[in-house]
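Asker: Following the hints, complete the assembly by docking chain L onto the known chain S.
Spelled out, the chains give:
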Amino acid sequence: MSSDLDDLPLYASAKKVYPQAVSGFYRRIKWAALFICLGIYYFLPFLRWDRGPNLPNQAVLVDLVNRRFYFFPIEVWPQEVYYFTGLLVIAALVLFLMNAIAGRIWCGYLCPQTVWSDLFLVVERFFEGDRRERIKRDEGVWNIEVWARKIAKHAVWLFIAWWTGGAWVLYFADAPTLVRELATGTAPFAAYVWIAILTFTTYTLAGIMREQVCNYMCPWPRIQAALTDEEALNVTYRYDRGEPRTSLKEATKLRAAGQSAGDCVDCNQCVAVCPTGIDIRHGSQLECIQCGLCIDACDNVMTKIGRPTSLIAYDTDNNVKARAAGEPEKVWRPIRPRTLIYFAVVAVVGGAMLYQLATRATAGISLIHDRNPLFVTLADGSVRNAFTVRLINKRPDARHFALTVEGVPGIVIEVTNITSTADWRPVVAVEPDTTREVRALVTVPKGVLDQKSVPIRIHAADLFAGERVVAKDHFFGPG
Amino acid sequence: MAGHNTEERDALTGRTTTGHEWDGIKELNTPLPRWWLNIFYATIIWSIGYFIAYPAWPTISGYTQGVLGYSSRAEVQVELDALKTKRSAQAADLAKVELAAIKADPKLLSLALAQGRAAFGDNCAPCHGLGGAGSKGYPNLNDDEWLWGGSLEEIHTTLKHGIRSSNDSDTRVSAMPAFGRDGLLKKEEIRQVANHVRVLAGQASEAGYDKAVGGKLFADNCAACHGDAGKGNKELGAPNLTDAITLYGNTVEDLVETIANSRAGMMPAWAHRLDPVTVKALTIYVHNLGGGK
Chain S
1 MSSDLDDLPL YASAKKVYPQ AVSGFYRRIK WAALFICLGI YYFLPFLRWD
51 RGPNLPNQAV LVDLVNRRFY FFPIEVWPQE VYYFTGLLVI AALVLFLMNA
101 IAGRIWCGYL CPQTVWSDLF LVVERFFEGD RRERIKRDEG VWNIEVWARK
151 IAKHAVWLFI AWWTGGAWVL YFADAPTLVR ELATGTAPFA AYVWIAILTF
201 TTYTLAGIMR EQVCNYMCPW PRIQAALTDE EALNVTYRYD RGEPRTSLKE
251 ATKLRAAGQS AGDCVDCNQC VAVCPTGIDI RHGSQLECIQ CGLCIDACDN
301 VMTKIGRPTS LIAYDTDNNV KARAAGEPEK VWRPIRPRTL IYFAVVAVVG
351 GAMLYQLATR ATAGISLIHD RNPLFVTLAD GSVRNAFTVR LINKRPDARH
401 FALTVEGVPG IVIEVTNITS TADWRPVVAV EPDTTREVRA LVTVPKGVLD
451 QKSVPIRIHA ADLFAGERVV AKDHFFGPG
Chain L
1 MAGHNTEERD ALTGRTTTGH EWDGIKELNT PLPRWWLNIF YATIIWSIGY
51 FIAYPAWPTI SGYTQGVLGY SSRAEVQVEL DALKTKRSAQ AADLAKVELA
101 AIKADPKLLS LALAQGRAAF GDNCAPCHGL GGAGSKGYPN LNDDEWLWGG
151 SLEEIHTTLK HGIRSSNDSD TRVSAMPAFG RDGLLKKEEI RQVANHVRVL
201 AGQASEAGYD KAVGGKLFAD NCAACHGDAG KGNKELGAPN LTDAITLYGN
251 TVEDLVETIA NSRAGMMPAW AHRLDPVTVK ALTIYVHNLG GGK
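Taken in sequence, the protein lines are chains S and L. In case it helps, my numbering puts the first sequence at residues 1 to 479. In case it helps, my numbering puts the second sequence at residues 1 to 293.
Hints in this document: simulated from the structure, not taken from any laboratory. Be aware that a few hints might be false.
[Said to hold, decoys possible] When the alpha-carbon atoms are kept at most 30 Å apart in a straight line, the in silico DSSO-like pairs for lysine-lysine are as follows: (1) S/K446 - L/K211; (2) S/K446 - L/K293; (3) L/K231 - S/K446.
Chain L on its own, in the form it takes in the complex:
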């Protein structure tokens, strides 16, 4: 009986067939090359060693650890430590020198700018944007308007202690009253003040605005912090109301909202989160964005 085991040779090629036949076409027996198979077996054996040496099998609540104790997390930690060691010499230089001296030394300056740029992307960009452009409620760091001062030292203090940060006793703090919510001013009075602020900044006022009324309300309620002319006071973080930059918008509606409910933006105290050298580098970087005084 002709079975699969019977060896049949193909007349044309001289090779054996597998015994399979379709419409008279027979399949030649073409085994995998020996060298290929051997390499394949070798990889299987290799994988056994791999299972033993490295983390491999998932278990119910974890995975087999492997006898080498390898972990990619530990590997990253080693590399991070190495980077820290490598940078420590430069960091020491930055730590020693005054902010102004860093600015004056081109080598330290470029080092601080590079470190600052990286730290800014990691820590500041979520609110201020990658280029420091800010958005409503988050100041643009490229312009020359600073709520708490734009000198190197003032920026450094703001970065270290934050603004209205609950965990830092030296934090920048000030509180504008919520004139509407707390019942200090009536609705129409707030509208008068809002229009007055627009006029101070050289903007148009709406019908019904009375300069005398608005001016008096402003002098009584706002001038203590913002100044008689509305030029602001950096000691108190009181913004200049006369310039072209507003943090929360300058339409009448925006201003009414601000006066009625007050705004109190917050920034973390970075001294608690970052090392002093990084905060220094950030100071230099932010100062260099363009608005630094």
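Chain S on its own, in the form it takes in the complex:
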């Protein structure tokens, strides 16, 4: 084995990318996506949602202290964490679905990495100018002016990053209160820590690393490459139309002579505007986030030189191959078995979650049977089992649960330290949106029990709303 190979670095150092500004249809979509996404992210915590006097009125709130998650009318308890599993399954499948229809539209338009990188690029252009100026400055002498521009840019970046971290923590506490606390320096320590962490990651990922995140950190490009097919729309250079590429002068000459020439004039605009610094004319590649900015750049050039647009366009592999072979273009089929299956799974999981939410029980009961002693004989010969009963009230109002027990003739239930009853049933009051643990004593009269263990059921019935929950356990005796 050659030792030269060993000496090669395993890491190719990144080439700095200087994306050029561009305008056009896809750029406008990207601006719209940027405004909507950032608008939601920065201002959603301030949106109010009235849940009555006993619950917080923030529309989206992850209340870690009280262990609740609020999302508009939905309130999720920690034991219902499976909703998040469902959300993750849906998220993955929607990503697959998007990919099967139109390639990496997530990467190009909606991914936070893309959105924040775009925002940071706006700042960079404002202070350091467009592509040419930035390249020139970086290569030239770093005088006071360059330094000033760089420092200003990083300061604004840090400000945006800090605001991003600040918005993040607002999802975990009452936003207006936390803003006031942050302004007066009385916020919890954890808030500052998380703002610092998010400031650091935003600044690093969107300002410094940018396309490196997509190329090296993100698994999606690899997965996407395995999931795409010849029917998915991808940002495609139509080489059948563009090649052989030549200069505009040469092409005009050739055409005048009645010969054919490719439409690509090798102006390199598609490369200049690319946020990941690749050449789309090399075909579909891992680094391409399919943002369509090269389409805008190419269309602008084609319009200027009077050739038809869409030399680079969202197109399918099938089409490119068909045209290259001289066959008619194929119709794009967004509805096909692959997309239908993805959609069906999304619909099933989403439907199951909706059904769960709609029929969600707002009460619950769970039991722990005393293990030591399992049972106790009372003075009159009756046998008693003790249970720790936890009653769950997921509603925003206080509720009263009447406890009953069944399974053995003459079996009765009482609750220690509870005096209220309804029709001789002990009644336990549970505060709004909380649980309550009580000690229940279940007694069977003397001589009734003929086995060591008998199944019993303990019911809790809401006195007013009528909701009824049940827990199963066993009653033990000397046998």
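Answerer: Using the frame of chain S, we list chain L on its own:
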């Protein structure tokens, strides 16, 4: 002469060898990485400082103390003190309020139950069992039979002063005579009484039991404390003999043993061992086990 010091380079890798050779296979010289060695040396230097600062070397009768004066025992004490301070506010609440009022206040109640549970495990469980199930001679605290009364106040008194506790003048005290050992009853008389007690509790009697004889013996010797019908007397700690619960067993042999030699269970006076708040919390906890009156 080719010695160990002669530097020999391996042709394939370009590395030096150690000079060791086995069947033509030579060992490459692969020294420990410099950074690793440096960290290793640094840890040695660090350990010297550690020896000086912290307890480290055993001596004949002890160990070197270290200049920082650190001791894990002292650290625990600091943490215990901190816990005590933290709990003092709640303890003050429990100390102020009457037992019945603690029961009525859900917040104080849960506090007392939690403290009581911990104290029960530390102090009571060795005899009464972790869940208060008891065993022969150690009452089950979950049932509704109480030798000295099952109200909050009665349980509190029993806990504070103990039962037949030698160091508390207010302790619960009573003494059943050892009818056999002290020669008060003859052997067959004891057997008659034992059978009579079984009959009082609704159990079968053995052959030879004479209701008239047993009843008379019971009335003469036992009824003073246990009552004519054997229902017991909590003032005297005399158990109810008619119910389904017995502390020392209810076979004829068990009862003969009890009557002949007497039983006198003991419980420490916890007021001398625990602070008043803990005793209060224990009272609430025991009362809440299920048998509290």
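Asker: Please write out, lowest number first, the hints stated earlier that are contradicted by the structure.
Answerer: none
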